[in-house]
Amino acid sequence: MDIADGLLHGFYVALQPTNVLWCFIGCLLGTVVGILPGLGPAATISLLLPLTFSMDPAGGVIMMAGIYYGAKYGGSTTSILLNIPGESSSVATCLDGYQMARKGRAGAALGIAAVASFVAGSVGIVLLTLVAPPVAAFALRFSSPEYFALMVLGLALVVLLSGPSLIKGLLALLVGLWLTSIGTDIFTAQARFIFGQAPLLGGIEFMVVAIGVFAVGEVLANIEGGEESQLLPVPRGLRNLLPTWADLMACRFAFLNGSVVGFLIGVLPGAGGTIASFISYGLEKAVSRHPEKFGTGVPEGVAAPEGANNADTGGALVPLLTLGIPGGSSTAILLSALIIWGIRPGPLMMQESPDVFWGLVASMYIGNVMLLVLNLPLVPLFAQLLRLPTFVLHPFIFGISIIGVYGVTGRVFDTVLLAGFGLLGYIMTKLKYPSAPLILGFVLGDAMERALRQSLMMSQGDLAMLVQRPISAVMLALAALVLVLPMLSYFNRARVRALAEG
Amino acid sequence: MKRRSLITGAAIFAISAAFAPAFAQFTPTQPIELVVHGGPGSGNDVMARQMVTIIEQEKLLPVRVQVANKTGGGSTTASAYMASKKGDPNTIAIFTVVWVVDPLTQEAAQNRLNDLTPITRLVTEPALAVVRADSPYKTMADFLKVAKDKPGTLKQSGGSITSRDNIVRQLLMKQTGANWAFISFPGGGERIAALLGGHVDLMIMDPSEAGEQVKAGKLRVIAQIGDNRLDAFKDVATLTEQGFKIPDVPQTRGVVGPPEMPPAAVAYYEGVLDKLRQTAGWKKFLAESQLENVNEKSAQTRTFLTAYEGQLRDILKEAGAKVVR
Chain Z
1 MDIADGLLHG FYVALQPTNV LWCFIGCLLG TVVGILPGLG PAATISLLLP
51 LTFSMDPAGG VIMMAGIYYG AKYGGSTTSI LLNIPGESSS VATCLDGYQM
101 ARKGRAGAAL GIAAVASFVA GSVGIVLLTL VAPPVAAFAL RFSSPEYFAL
151 MVLGLALVVL LSGPSLIKGL LALLVGLWLT SIGTDIFTAQ ARFIFGQAPL
201 LGGIEFMVVA IGVFAVGEVL ANIEGGEESQ LLPVPRGLRN LLPTWADLMA
251 CRFAFLNGSV VGFLIGVLPG AGGTIASFIS YGLEKAVSRH PEKFGTGVPE
301 GVAAPEGANN ADTGGALVPL LTLGIPGGSS TAILLSALII WGIRPGPLMM
351 QESPDVFWGL VASMYIGNVM LLVLNLPLVP LFAQLLRLPT FVLHPFIFGI
401 SIIGVYGVTG RVFDTVLLAG FGLLGYIMTK LKYPSAPLIL GFVLGDAMER
451 ALRQSLMMSQ GDLAMLVQRP ISAVMLALAA LVLVLPMLSY FNRARVRALA
501 EG
Chain F
1 MKRRSLITGA AIFAISAAFA PAFAQFTPTQ PIELVVHGGP GSGNDVMARQ
51 MVTIIEQEKL LPVRVQVANK TGGGSTTASA YMASKKGDPN TIAIFTVVWV
101 VDPLTQEAAQ NRLNDLTPIT RLVTEPALAV VRADSPYKTM ADFLKVAKDK
151 PGTLKQSGGS ITSRDNIVRQ LLMKQTGANW AFISFPGGGE RIAALLGGHV
201 DLMIMDPSEA GEQVKAGKLR VIAQIGDNRL DAFKDVATLT EQGFKIPDVP
251 QTRGVVGPPE MPPAAVAYYE GVLDKLRQTA GWKKFLAESQ LENVNEKSAQ
301 TRTFLTAYEG QLRDILKEAG AKVVR
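In order, the protein sequence lines correspond to chains Z and F.
Residue numbering for the first sequence is 1 to 502, as defined by the working numbering.
Residue numbering for the second sequence is 1 to 325, as defined by the working numbering.
Chain F extracted, bound-state conformation (with noise of 0.2 angstroms):
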């Protein structure tokens, strides 16, 4: 017994002191990029620059943070830009669910969120569904059945084609047979555009891109697509409630680093972004956006990443989706 636990101390002492340079604490010492896969003024663009100003504002690094804006093909031009930065403690990335889907549907898509290295996973995000204002729709219902009667006819903006917009519209048609037209824009800005200027029928927009314009009287949300029902939408029901139950697909961003990420600096970032979700500027993002808060380091979401992606696998091959991983 005695001679084990000598062993055992011989060989975590051992261990430790091959660790040792590892976990030799960390501090960067040249700017930080911060790469995000949406143009500027995207969802995720948006959050990556107000954390980079709480953190300037609360001095929670020593350095400059720079957006990166790295778009194309959804996720894959981001994520191999990561890839490619094997090893580099001074570049981080926001990665959403698009991270995990592209890999899953496209052979090109080579980079698996798990072959980098998650640090952690920040937020969850509601959306709705969003139609015009002076459109005849008032639910979910109204628009689906229009799908149904007249296929192919019905529009909606949105992102890449593996974006939650376009998972959600494949589960929504396979459920009640309806079908409509999924077109892709690059840029938020462009998505918008087209559904205020009446080219488009409907998009899945974000809480936060669609309060001011339904406050205006632009547009009007015809269903939550989350389960709960927002603080600032309560007189819309659920896609549940209207007696569509879909697969929930969480929409989730995080912070990943790239692939083999010295663990001192996955353990540093861990810190620097769990003092950000303390501050009184994000809770006050996430409020203002509509977000909700998820606190989980570089293993938990790992984990989460794993079940997640099966997840999905089996929603998207649901969807009528090619899995090619």
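The shape of chain Z in the complex, shown without the other chains (with noise of 0.2 angstroms):
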């Protein structure tokens, strides 16, 4: 069966009433995931299995996947309205995301975030229905010393996200780094900066760190702030809470990053959607025209992340259907859902189980135009949400951020940590240390370290190894790039004015 055929072979399972039924549903009910932090679809979908067990493994899988992707959708809402990312994966969203609502943007920022999710998830399912075999094939190329190279090429960033003091950038992202380190060490069974304390024998979640320094600390800075009765303005009229056709215009390029970063990334099982945000973020300041302007609420800035987050989806199905490997939480529980309806991911799934596959494949672009059509009209009702007054708004987002952090771990410990990070975000914004970088750090530190001494245990201790992979060696060099080149704009802005003043 080739590809033309096979998908609409898909499209006739996918366009099955009931079919469309279960896609709807679990589309649905991933935008409500997404909002909701705490409750990610792994989770969900976990809560949801032994419902499906009756139904026909199509129809199951296509109302699982819609969960999946759906979530991300949702995930970027409380990270844009209130700086509570709904999952990891939206943090980068919030950098822009909220900036853009505290200048009565919310709208314009939530609607570029459903396009762009809607466009970068569907170039993300083209992308898996034309080169998924490949693609799969390249990611295997990716080993250890890729990796390293990929999350030093993401650490190099932190020159972009550091805001006008690289210093404190740098501070910043080292606090992330040794944040990341504390916990179990997985090659020694050492526990590290555990101060004697169990519950951080298993290291710290990572939605503690994210809510507490972005949500709980704005809202802290916030309060001593102001009089204001309301925290965010809020224009009046369904126009002003929709994106222009300027935003979209200056997110064209955008769309397209997020969309091939998101997918790329999301093929390698050792990295994911929030390290692809990241990424993403990063190579769209990186290239724009005013890169200054990023970080006080430009809509590229929230395209870019959420476009590949939502490509991330059609990427992280490469390796699941096509090798059977996964890559993270959500896609492995994909997989035990699709060996307990007696059907195996792997070499074989296109020619052994056709109908599962396109089929899924197909409702994929159905949920994505369901998602787009379910969540513009939802953009002005949530905005709307602003316009509650702060002494209301205040403790709504303290109680969801520690329902949040409650629900993913389900330990009082972390929502005391919670307390601590929300603090540390306040100071951070007291003395204007910029918060990006220490998550930065935090999300890719623990992977860096593992794919470095993974590297070095399979080279028996030489790091040249490193260089002589042709694929690390080139995402090193580019990292290099990122360091080096603001240095070189800086030179050269200083030659210009030099020049100029004769």
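Be a bit skeptical, because a hint or two may be false.
Said to hold, decoys possible - FRET-style restraints, in silico, Cβ to Cβ:
| no. | chain 1 | residue 1 | chain 2 | residue 2 | range |
| --- | --- | --- | --- | --- | --- |
| 1 | Z | P377 | F | Q25 | 47 to 57 angstroms |
| 2 | F | D115 | Z | F391 | 28 to 38 angstroms |
| 3 | F | N293 | Z | T188 | 27 to 37 angstroms |
| 4 | Z | S54 | F | N293 | 24 to 34 angstroms |
| 5 | F | P151 | Z | L431 | 45 to 55 angstroms |
| 6 | F | P151 | Z | L51 | 49 to 59 angstroms |
Think of the hints as simulated: they come from the structure by calculation, not from any bench.
Idealized CB from N, CA, C, for every residue including glycine.
Take the two lone chains, each set in its own frame, and fit them into one complex as the hints suggest.
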């Protein structure tokens, strides 16, 4: 069965009325789950799994996948409105999304996020349809040295996320790197920096740091700051609540960037949506004509990471469906679900279960349209949330933050940590330290350390391995470029100034 | 005589009276957390989710069961989590042999399996030594020969350093004088990806993980780790058959509760898991994933674990690992 026949057959399966219904239910549930911090797609899929066993496998997997990619659509909502990342992969969306909301452009930001999700999500599925097998083969060429180089490239973005002071950015990054090393080391099973606290043996949960530093820190700073009865301005009139044509045009490149970066990083089993969204954001800023405006609320800064996060879905399904390798927790649960239905994802799945394979792929085209139709009308509605007076909104944000953290880990200990990180976020805001580098270090540090140690075990301690392998060499060179370019432009500016001054 | 039996009778009465509240019927009223030390998609995670599915399908429990992945430091994070739930009747965990190994080798792993409340032993799992289909190694002897001639050049992907993967490697290295590297990857997917991509040369894998890849012609099985050949891999010789007689390291999985779990709760879960064993779904799952059924209750499991810990201590010493307890 070639691709065209397969896809046609897939649409035949996906357009069965019951399957359209399952797709809709999945997308709806996914959106809700994405909006609520603390309840992630992985937990939702595993909760609903038992309900789907009486279903036909194609219908079941269509619904499960709907929850998975629907959650990514919803994840941006609280990031933009309240600076609370709904999922770890929507942290990068907070950076410009929340700033847009502060300028009274929450509706525009939400709209951009929905459109970017739709465009990049669809591109991800097209790529999944067309190039899955060769891309999967490419993904297998990635091993620890390549992951190390990818993480270094990600960390190099710190120079783009630091704001005015690079020193402060680097300091925040170091704090993030240190925080991520807390817990038990898998190579030696030794505990590090746990200060005798058994709950820290497993490390600090990402959402605790992200919600604490972003949401709680922001609220604390706001409480101190003002008497205003309304946290953020919300313009009147539907037209002012949706993105303008100019916004969308400004995001042209961001849509493309998010789609491609998200898909490619999604394919790698050791990376994931969080890393994809940060790298896409960094790339967007690096090529932008006005990089200095990033972090103050530019639409591209929302479109790129949101797009990447959604294109990541199509990418993550590549190794799952063609190799049977799950890249993250959601795809791992999809894998167990498929196995329980008697379907073994892997090199033979396309031949052995064409109904499920092509049915799923086709349903994702339909699901993405559904999600856009479902989400756009909600935009003005959600934007109204910010009309709430601060004395309602601030406790509400605290409440959501605490429930979100407790929902992820189920430990009271983590809510105490949340308070600590909230305080850290507040102090950082007061002292004008950027919080994005801290989060970046926390996300990438663990994976980077692991990849480096794995690489050195592979090469028997020879660091040269990192530059001898072509993919990793190219990425390390890119990282060096990212670090050096701003300096060059600095010198360039200095030179121009010198020339002008004669 | 009569007097004595009277005393005994009184004593029994007193004891049963004292324990009456403890033996009162236990029925869970809030969701049960099923803790797994592996990440989602790992062998024991898949088993846990399968258990949950069957329990919900057959309505073996009146409440929901939720799988919680407590990963990190082998089993250390999960067992510390269990230890922190002292006396809680609503939290249970899947244990594997790693839960016995970690406290033996790690100072920080303070919670021995028998300090928790073992409830039952469910399965033993066989394993396969697997290489890429295009690799030159057809048998374990081929692999070991190269590993001996060029020490340190070959690599094996696996889990934590205390996992069975590494113990088998240690035992084989000690017996044959061969030497190769062991590289830890936290996720099962990453381990297989490293093998498929040619970044490592060997992996010790569950038959359920290996099956589809072998069928698709991507991987080849070069030895069975257990003593008996599996039905699905009849043509492949065991390590013993190939002349490598290493101490048996049975990988076993079961269910454990927190320390001081009320006896009524233990009895309750024993009953539920007994019913689970009888279901067609569970039998099908065992057959599909090539697991062997074990039927042991709490007391037997405790005895088994004590003996097993002793045996393992010897194996670990023999393998050159540092034993701290």
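Verification of the hints:
no.: 1; hint: Z/P377 with F/Q25: 47 to 57 angstroms; verdict: 52 angstroms, holds
no.: 2; hint: F/D115 with Z/F391: 28 to 38 angstroms; verdict: 50 angstroms, violated
no.: 3; hint: F/N293 with Z/T188: 27 to 37 angstroms; verdict: 35 angstroms, holds
no.: 4; hint: Z/S54 with F/N293: 24 to 34 angstroms; verdict: 26 angstroms, holds
no.: 5; hint: F/P151 with Z/L431: 45 to 55 angstroms; verdict: 54 angstroms, holds
no.: 6; hint: F/P151 with Z/L51: 49 to 59 angstroms; verdict: 53 angstroms, holds
Consistency with the previously given hints fails for number 2 only.
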